[in-house]
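Visitor: What follows is each chain in one-letter form.
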Amino acid sequence: MFNRILALFIVSLTFFSTSTYAATPTEPLWPTLKIAYFGDKEIREGANDLLVIEAPKRAEDAAIVPISVKSLVAQTADKYIKNIHIVVDNNPEPYSANFHLSPELGLIDISTRMRVDQYTFVRAIAEMNDGSLHMVSRFVKASGGCSAPAGKDAAAALARLGKMQIRMRKPTVGKPVQAQVIVSHPNYNGLQFDQKSRLYIDAHYVKNIEINYNDKPLISVDTGISVSEDPSIRFTFTPSEAGSITANVTDSEGQKFTHSKNI
Amino acid sequence: MNKLFLSIVGLCSLLALSSSYACNDYSIKEVTSGIYYHQGIHEDANEDNYGAIANVGFIIGERCVAVIDSGGSYLEGTYLRQAIKNKTDLPVCYVINTHTHPDHIFGNAAFKGDSPTFIGHEKLPAAISSREAFFAKTFKEVLGKAYRGTEFILPSKTVSLNQPITLDLGNRKLTLTAYSTSHTDHDLTVFDQQTKTLWTGDLLFMGRIPVMDGSINGWIKTMADMQKMELNFLVPGHGEASSDKWQQGLAKQLHYFTLIRDEIRVIIEDLGTIDQASKQVGIPEQNSWELFDRYHRRNVTASFVQLEWE
Chain A
1 MFNRILALFI VSLTFFSTST YAATPTEPLW PTLKIAYFGD KEIREGANDL LVIEAPKRAE
61 DAAIVPISVK SLVAQTADKY IKNIHIVVDN NPEPYSANFH LSPELGLIDI STRMRVDQYT
121 FVRAIAEMND GSLHMVSRFV KASGGCSAPA GKDAAAALAR LGKMQIRMRK PTVGKPVQAQ
181 VIVSHPNYNG LQFDQKSRLY IDAHYVKNIE INYNDKPLIS VDTGISVSED PSIRFTFTPS
241 EAGSITANVT DSEGQKFTHS KNI
Chain B
1 MNKLFLSIVG LCSLLALSSS YACNDYSIKE VTSGIYYHQG IHEDANEDNY GAIANVGFII
61 GERCVAVIDS GGSYLEGTYL RQAIKNKTDL PVCYVINTHT HPDHIFGNAA FKGDSPTFIG
121 HEKLPAAISS REAFFAKTFK EVLGKAYRGT EFILPSKTVS LNQPITLDLG NRKLTLTAYS
181 TSHTDHDLTV FDQQTKTLWT GDLLFMGRIP VMDGSINGWI KTMADMQKME LNFLVPGHGE
241 ASSDKWQQGL AKQLHYFTLI RDEIRVIIED LGTIDQASKQ VGIPEQNSWE LFDRYHRRNV
301 TASFVQLEWE
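Read top to bottom, the protein sequences are chains A and B. So in the working numbering, spot 64 of the first sequence is number 64, and the numbers just go up one at a time. So in the working numbering, spot 111 of the second sequence is number 111, and the numbers just go up one at a time.
If you're looking for bench data, these hints aren't it; they were derived computationally from the structure. The reader is advised that the hints may include incorrect statements.
Calculated lysine-lysine pairs in the PhoX-like style (CA-CA distance at most 25 Å, straight line) [as the list claims (entries may be wrong)]:
| no. | chain 1 | residue 1 | chain 2 | residue 2 |
| --- | --- | --- | --- | --- |
| 1 | A | K57 | B | K279 |
| 2 | B | K85 | A | K141 |
| 3 | A | K141 | B | K137 |
| 4 | B | K196 | A | K141 |
| 5 | B | K137 | A | K57 |
| 6 | A | K141 | B | K173 |
The task is simple: from the sequences and hints, build the whole structure.
Guide: Here it is in structure tokens:
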């Protein structure tokens, strides 16, 4: 899904590039992006009865903008949010993440961190199990100043590449608990130019993070170059018994990293 | 008012470019014998202030002149070049960039006519290339006309960690030292041996809130080391140069980062979020710094994601 969307986007990138790279976009990109990513499917806008998206009003640090999405209606086996797509309109690659969600998650409460280097809408589009699409959005202002989407210490990020953490408060059976998966990765976006070689540094980024609870999938996220260095996924789930959480990470060079935590 | 100011700037730039008249707006102060700086204003860069928000300046030897940070725009670079000409006819032989931030390096192209050696930290070239596209697109808009002529110039000589180099300006020796990741991952300081003056770049902010674009832990360690230095004068990256105020400034900056680090660690330990931290951390500091609202949350955000890996 993600790759198809990515390929579609790259094909159409040339059409957008002028406005995509302008510091303050004048033309709204969404109508074009909507067709590129969702075709002629109808998207219900302002779906505030179903979803809440939170993002800071201003990207304090262009490299790290926390974005969270919560559902207001609990997942049930009959009716649940199957996917949440995150689109950051004015990023070099707007289609930023696709969360595949289990019906067993209860209320959805997920967050991640994105690169946002200019004024933009950030959108969360919920895809229900019946295929219907529901969208909420937030406007985020650029940070300005010397904040750049590039990492602060590339050497340090590379040195701990693949190191992972699964963090959570002490879980109780039957009660929702917050957890976080972080993987250390420079997430090179392929847009950095090396003046010496006159070439772009190859993109090298985390493509997928799969989070399982007792071998059953809870969340699987397809991620792209909009995701910050050291990708972080926060989520809430309700443990039904003792067991373990496992996170499997795959990056764009096919490297795999895995980490487990007993609960 | 704005129009009037703009026209003064416009006139200044014309004079600076076309003749030997000084630009009256662009003030230069003497730190000590042969060391001059322009003190940047505590604002964000914009077209009106032409990016002149950082301390930039020069040191005059018997043979030639070293420029330390070149300005926040090509326009400021031309003012600085003119200010040097007003003090001496000696050539500019070195342009030293303390790090890659726009307010420190955007004036580089104004010195191309001198064919100087551009010098920076060994990681400066990588830092410039990874930010160049973003800075160019952002600052074209931020600086407007003042951006015209700005170029990204890579250093032709670099300084490696643990291997300080010495430059001789003619009976005047400068020691250039490269730091491990602190304010950025490529900070460089300049020490004038004759007058024991340290030019810190943005390792020290005075008055204006410091911005962390490197490593909070690394910078705290560097600040502790700097406190032990014996100096007669210090020129910070922002704020007033002095012989007697910098120790207090350094202690204040160290206190700020130590405080936010302690508070962020507690929030991380409790599985708190960046959003929570940026609302709760460092509140007692809010009246102690200019532009606090502009950069404090950013410092908390950037520090948070680093302290998660301790």
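Visitor: Next, verify each hint and record whether it holds.
Guide: Hints versus structure:
Between K57 of chain A and K279 of chain B, the direct Cα distance comes to roughly 13 Å. Compliance with the 25 Å bound is thereby established for this hinted pair. The suggested pairing of K85 of chain B with K141 of chain A is violated, with an alpha-carbon distance near 42 Å, which exceeds 25 Å. A threshold of 25 Å between alpha carbons decides the hint, and for K141 of chain A with K137 of chain B the separation of about 16 Å falls inside it, so the pair holds. Pair hint K196 of chain B plus K141 of chain A does not hold up; C-alpha atoms about 44 Å apart against a cutoff of 25 Å.
Distance restraint check for K137 of chain B and K57 of chain A: the Cα-Cα separation of roughly 21 Å lies within the 25 Å cut-off, and the hinted pair is therefore satisfied. Our distance criterion of 25 Å between C-alpha atoms is broken by K141 of chain A and K173 of chain B, whose separation comes to about 46 Å.
When the structure is compared with the earlier hints, violations turn up for hints 2, 4 and 6 and for no others.
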